[in-house]
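The chain contents come next:
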Amino acid sequence: NAGVTQTPKFQVLKTGQSMTLQCAQDMNHNSMYWYRQDPGMGLRLIYYSASEGTTDKGEVPNGYNVSRLNKREFSLRLESAAPSQTSVYFCASKIASNQPQHFGDGTRLSIL
Amino acid sequence: AQTVTQSQPEMSVQEAETVTLSCTYDTSESDYYLFWYKQPPSRQMILVIRQEAYKQQNATENRFSVNFQKAAKSFSLKISDSQLGDAAMYFCAYKTDSWGKLQFGAGTQVVVTP
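Sequence lines, in order, name chains E and R. Mapping the first sequence onto the working numbering, position 58 (from 1) lands on 289, and the numbers just tick up by one. Mapping the second sequence onto the working numbering, position 43 (from 1) lands on 58, and the numbers just tick up by one.
Hints are supplied without guarantee of correctness; some may be wrong.
Pair by pair, the computed Cβ-Cβ distance ranges are [said to hold, decoys possible]:
#, chain 1, residue 1, chain 2, residue 2, range
1, E, K302, R, Q29, 44 to 50 angstroms
2, E, S282, R, P55, 30 to 36 angstroms
3, R, S57, E, G271, 17 to 23 angstroms
4, R, L62, E, D269, 18 to 24 angstroms
Simulated from the structure, these hints should not be mistaken for laboratory data. Using N, Cα and C, we set each Cβ at its ideal position, and we do this for glycine too.
Kindly generate the complete structure, drawing on both the sequences and the hints.
In structure tokens, the structure reads:
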């Protein structure tokens, strides 16, 4: 079982470049999430999609956009990357409100 | 806004011993969920245990158990009979609403020594 798959696993960008992080889940989950993890801090929610066709801002949405392409896929886009967006990005999904989230393996993104 | 606080940046424990990680949270809600996630060096986020606030009984999963004190807004994790494979960063998390958004603490690094 693949679970939640994130691509790429590592990426280095230059300031101002654009990039889309991909996330796909094969568990027929309704809700999907994007988090970022920075040193000394827990994961912080960037955007989420409660169900196919809906997206909402989380705690730190500035500089990002998302697309819920279909039930399986939820992408995160950086239109003009900045060094402050250097982080590890996690995608997660879950099927129902009282169920735990399942996480992907993360994408380490460095912006020079 | 809800906040989750883990006051111990690092905890060290010997193999076979017990270690307790602390977590406190702030909320005005009465119904919510609390979680402990483990993040080993592989970077995976692995669910360790979860607690539903309306349940008074403390959750247990094998060597992992929690001490949930709702009135004190405290949710500690006890790891018994510690093993080398338990070495990881542990995050406490609170589920904020029906959409399942998680609020995480800053994490506690657990070091297991032989």
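Holds or violated: the 30 to 36 angstroms window for the beta-carbon distance between E:S282 and R:P55?
holds, 32 angstroms
E:D269 and R:L62 - C-beta distance against the hinted 18 to 24 angstroms:
Since R:L62 and E:D269 have Cβ atoms about 21 angstroms apart, the given range 18 to 24 angstroms holds.
Could you say whether the range 44 to 50 angstroms given as a hint is met by the Cβ separation of E:K302 and R:Q29?
For R:Q29 against E:K302, whose Cβ atoms are near 47 angstroms apart, the range 44 to 50 angstroms holds.
Is 17 to 23 angstroms respected by the C-beta to C-beta distance linking R:S57 and E:G271?
holds, 20 angstroms
Of the numbered hints given earlier, the model fails none.
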